[in-house]
Amino acid sequence: MFRRERSIPLRGSAAALCNNLSVLQLPVHNLTHFGVVHGPSAQLVSAAPEGVPLAQRQLHAKERAGVSLPLITQVHWCVLPFRILLVLTSHRGIQMYESDGSVMVYWHALDSGDASPVQAVFARGIASSGHFICVGTWSGRVLVFDVPAKGPNIVLSEELAGHLTSVTDIASEHAQEQDPAGEKGKGSLCLSPQDCIADMVTADDSGLLCVWRSGPEFKLLTRIPGFGAPCTSVQLWQGIVAAGYGNGQLCLYEASTGTLHAQINAHARAICALDLAPMVGKLLSAAEDTFVHIWKLNRNLKNGCIEVEHCHGECVPDTQVCGARFCDPSGSSLAVTGYDLAEILRFSSV
Amino acid sequence: MSMRTLPLLFLNLGGEMLYILDQRLRAQNIPGDKARRVLHDIISTMFNKNFIEELFKPQELYSKKALRTIYDRLAHASIMRLNQASMDKLYDLMTMALKYQVLLCPRPKDVLLVTFNHLDAIKGFIRDNPALVHLVDETSQQLIEAYGGLSAGEFQLIRQTLLTFFQDLHIRVSIFLKDKVQNSNGRFVLPVSGPVPWETEVPGLIRMFDHKGKEVKRTEFRHGGNYIAALKEGSFELYGDRVLKLGTNMYSANRPVETHTSGASKNLASQSQQSIAPNPLAKEELNFLAKLMGGMEIRKPSGPEPGFRLNLFTTDEEEEQAALTRPEELPHEVVNIQATQDQQRNQELARIMGEFEVTDQPRWSASKGDDLLAMMDEL
Numbered sequence: 001m002f003r004r005e006r007s008i009p010l011r012g013s014a015a016a017l018c019n020n021l022s023v024l025q026l027p028v029h030n031l032t033h034f035g036v037v038h039g040p041s042a043q044l045v046s047a048a049p050e051g052v053p054l055a056q057r058q059l060h061a062k063e064r065a066g067v068s069l070p071l072i073t074q075v076h077w078c079v080l081p082f083r084i085l086l087v088l089t090s091h092r093g094i095q096m097y098e099s100d101g102s103v104m105v106y107w108h109a110l111d112s113g114d115a116s117p118v119q120a121v122f123a124r125g126i127a128s129s130g131h132f133i134c135v136g137t138w139s140g141r142v143l144v145f146d147v148p149a150k151g152p153n154i155v156l157s158e159e160l161a162g163h164l165t166s167v168t169d170i171a172s173e174h175a176q177e178q179d180p181a182g183e184k185g186k187g188s189l190c191l192s193p194q195d196c197i198a199d200m201v202t203a204d205d206s207g208l209l210c211v212w213r214s215g216p217e218f219k220l221l222t223r224i225p226g227f228g229a230p231c232t233s234v235q236l237w238q239g240i241v242a243a244g245y246g247n248g249q250l251c252l253y254e255a256s257t258g259t260l261h262a263q264i265n266a267h268a269r270a271i272c273a274l275d276l277a278p279m280v281g282k283l284l285s286a287a288e289d290t291f292v293h294i295w296k297l298n299r300n301l302k303n304g305c306i307e308v309e310h311c312h313g314e315c316v317p318d319t320q321v322c323g324a325r326f327c328d329p330s331g332s333s334l335a336v337t338g339y340d341l342a343e344i345l346r347f348s349s350v
Numbered sequence: 001m002s003m004r005t006l007p008l009l010f011l012n013l014g015g016e017m018l019y020i021l022d023q024r025l026r027a028q029n030i031p032g033d034k035a036r037r038v039l040h041d042i043i044s045t046m047f048n049k050n051f052i053e054e055l056f057k058p059q060e061l062y063s064k065k066a067l068r069t070i071y072d073r074l075a076h077a078s079i080m081r082l083n084q085a086s087m088d089k090l091y092d093l094m095t096m097a098l099k100y101q102v103l104l105c106p107r108p109k110d111v112l113l114v115t116f117n118h119l120d121a122i123k124g125f126i127r128d129n130p131a132l133v134h135l136v137d138e139t140s141q142q143l144i145e146a147y148g149g150l151s152a153g154e155f156q157l158i159r160q161t162l163l164t165f166f167q168d169l170h171i172r173v174s175i176f177l178k179d180k181v182q183n184s185n186g187r188f189v190l191p192v193s194g195p196v197p198w199e200t201e202v203p204g205l206i207r208m209f210d211h212k213g214k215e216v217k218r219t220e221f222r223h224g225g226n227y228i229a230a231l232k233e234g235s236f237e238l239y240g241d242r243v244l245k246l247g248t249n250m251y252s253a254n255r256p257v258e259t260h261t262s263g264a265s266k267n268l269a270s271q272s273q274q275s276i277a278p279n280p281l282a283k284e285e286l287n288f289l290a291k292l293m294g295g296m297e298i299r300k301p302s303g304p305e306p307g308f309r310l311n312l313f314t315t316d317e318e319e320e321q322a323a324l325t326r327p328e329e330l331p332h333e334v335v336n337i338q339a340t341q342d343q344q345r346n347q348e349l350a351r352i353m354g355e356f357e358v359t360d361q362p363r364w365s366a367s368k369g370d371d372l373l374a375m376m377d378e379l
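Respectively, the protein sequence lines represent chains L and A.
Position 336 of the first sequence, counted from 1, bears residue number 336 in full-length UniProt numbering, the numbering being contiguous throughout.
Position 186 of the second sequence, counted from 1, bears residue number 186 in full-length UniProt numbering, the numbering being contiguous throughout.
Be aware that a few hints might be false.
[What the hints assert, rightly or not] Below, simulated DSSO-like cross-link-like pairs (lysine-lysine); rule was C-alpha separation at most 27 Å, straight line:
| no. | chain 1 | residue 1 | chain 2 | residue 2 |
| --- | --- | --- | --- | --- |
| 1 | A | K64 | L | K62 |
| 2 | A | K212 | L | K302 |
| 3 | A | K232 | A | K180 |
[Unchecked claim] Beyond 12 Å from chain A on every Cβ pair, some chain L residues (computed):
| no. | residue |
| --- | --- |
| 4 | L26 |
| 5 | V79 |
| 6 | S102 |
| 7 | I154 |
| 8 | G215 |
| 9 | K219 |
| 10 | N265 |
| 11 | T290 |
These are computed hints drawn from the structure, not numbers from a lab.
We put the CB at the ideal spot given by N, CA and C, even for glycine.
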């Protein structure tokens with residue numbers, strides 16, 4: 001069972017985008033950062049444990065002189081081995097900031113070179129993988145940025161080809177998720193580069209999923225074809241790909257082989273967000289049908305098969321949910337955003 | 001955002017405008033031939049070949065201001081006149097109706113069915129004029145060609161673009177409140193029952209498979225809604241059963257409408273958001289409109305057919321009252337679309353920017369709802 005906690009007010013309502021909530025948990029500092037896209041601006045809010053808002057900041061997409069403000073597509077915190085960066089994607093390009101959004105450290109303008117006039121040009125889909133930040137684009141290309149431990153010397157190191165339609169979301173497994181017992185401590189960063197090799201999955205508008213092994217050069221391991229509906233959100237946990245689709249279906253695949261292991265008729269409208277509580281293998285799915293569902297993922301040790309069970313469903317009345325995240329590693333609290341809603345809704349389990 | 005959204009926005013808003021004008025013309029007992037003339041003139045302007053051709057070119061959505069200007073112009077394409085207060089109310093009703101329709105579309109692609117519903121009804125208004133019906137049919141054909149082959153992902157982007165346009169509009173509309181599709185806080189009711197969209201399964205089933213793809217387990221879960229399977233898919237052809245009711249005329253003869261909105265909940269902060277930044281591109285938008293609409297005949301209310309004034313309110317006094325309480329940031333006159341007016345436009349934008357204040361977002365609490373209800377009762 002979940003109960004409503006105190007909401008966090010926003011200056012601007014949430015835009016009708018998928019994956020429109022990013023959460024950075026900082027338990028060491030007793031703080032949680034939230035990031036929500038409003039439209040031409042994105043809002044960052046820091047809150048104390050009871051949801052008391054402490055600080056707010058608004059970020060804008062970089063403009064081009066003489067043109068109206070470009071729209072932001074996504075805002076997301078990337079946890080890297082030695083630093084945390086905030087990444088903002090828009091119809092103009094990719095902006096990277098220090099984690100509190102105070103200083104922009106890098107700007108990459110999108111190349112709309114071979115786009116037809118009818119094609120919208122934008123970046124969308126953000127994830128960190130080791131010391132790389134990967135960002136998807138309208139063309140299907142995934143840009144890989146090499147991020148140094150300090151400073152603004154970020155370099156575009158690779159462009160991954162694998163998708164033919166616009167990228168929707170990217171997920172990777174971080175070192176923290178690979179260390180469920182928390183021996184390295186909650187909220188701590190990797191101690192050495194070798195601890196941080198992570199796998200990655202990218203998704204696109206046609207529903208295609210690409211599974212990658214990260215490294216100095218990323219390697220495409222598997223392709224999982226779509227079935228007509230866009231894959232709007234994707235997560236990766238212990239070699240299991242969880243994919244949410246525009247027709248409300250939630251599927252689980254074996255990452256290394258691409259085999260379908262579970263197919264859930266989870267929602268009556270498009271899924272717009274998935275999130276993981278990696279310590280306990282909990283997955284949340286949120287959709288435009290106003291529901292948020294919590295699932296428990298499990299690997300059957302006898303036959304290695306992936307199993308899933310439904311834990312709980314929560315209805316957010318009259319709200320087209322557009323973002324949802326767990327707020328703690330055990331998955332006992334979550335935050336939700338909805339289109340047109342100027343607040344972040346918070347829930348905790350009882 | 002999507003570059004394919006403008007035709008859908010324009011045609012659907014235009015359709016809603018015609019529904020409302022048709023109802024008000026009857027409510028105000030405007031003689032049949034005059035009423036038909038008005039609808040005929042507006043429809044022929046709306047479906048002007050050159051205009052439609054420009055409309056279908058890939059482009060970004062117009063700003064709210066620019067789009068509002070088009071409808072000002074369109075509403076005055078005939079012998080009918082509307083005061084500013086009535087024009088405001090007309091535009092509010094149009095936009096809230098389309099917001100409702102887009103939000104409640106089961107699938108993003110269904111916005112196309114909504115558009116066909118509007119076009120089907122428009123053909124009903126002018127069915128005695130085959131040339132005009134043909135013009136509307138040509139536009140339907142263009143829709144089929146432009147949108148028929150788009151993927152679900154592209155339609156989702158279109159839907160998101162439309163919702164961005166309607167973001168933060170919470171004007172309460174009597175007919176929606178009465179039908180309980182809108183709450184007193186201005187938000188639409190999102191039902192969790194009824195048929196699921198075409199190509200979506202009823203939530204509840206979990207199927208699990210082994211390494212070889214064989215189904216090994218099947219369980220059910222309680223999803224909380226009350227859904228049934230989709231009945232049938234609407235037709236995307238020139239003629240056919242659209243199945244979806246969104247976009248059909250809710251102001252039909254046996255539903256006399258109190259087109260009664262309360263303007264109190266206009267969200268100043270976000271409405272101004274789009275217009276405050278001095279936008280040199282707005283100059284381009286309006287120049288473009290001038291080029292197109294300048295080529296169209298505007299009926300002057302003179303000669304053998306005198307013009308008449310249509311009132312969107314129930315009485316003239318109400319209209320006057322509404323004019324007095326109009327929020328400051330809306331333009332006081334229809335913007336005249338001429339090249340020389342561009343400087344004036346930038347000055348106007350600068351003036352609006354000077355008046356812009358950040359207001360806090362209203363908190364949705366029980367007492368707030370009561371205040372709004374009380375205000376409604378007083379209107």
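Here is what the structure says about each hint:
no.	hint	verdict
1	A:K64 x L:K62	holds (22 Å)
2	A:K212 x L:K302	holds (16 Å)
3	A:K232 x A:K180	holds (26 Å)
4	L26	holds (26 Å)
5	V79	holds (28 Å)
6	S102	holds (21 Å)
7	I154	holds (27 Å)
8	G215	holds (27 Å)
9	K219	holds (23 Å)
10	N265	violated (4 Å)
11	T290	violated (5 Å)
In this structure, the hints that do not hold are numbers 10, 11, in rising order.
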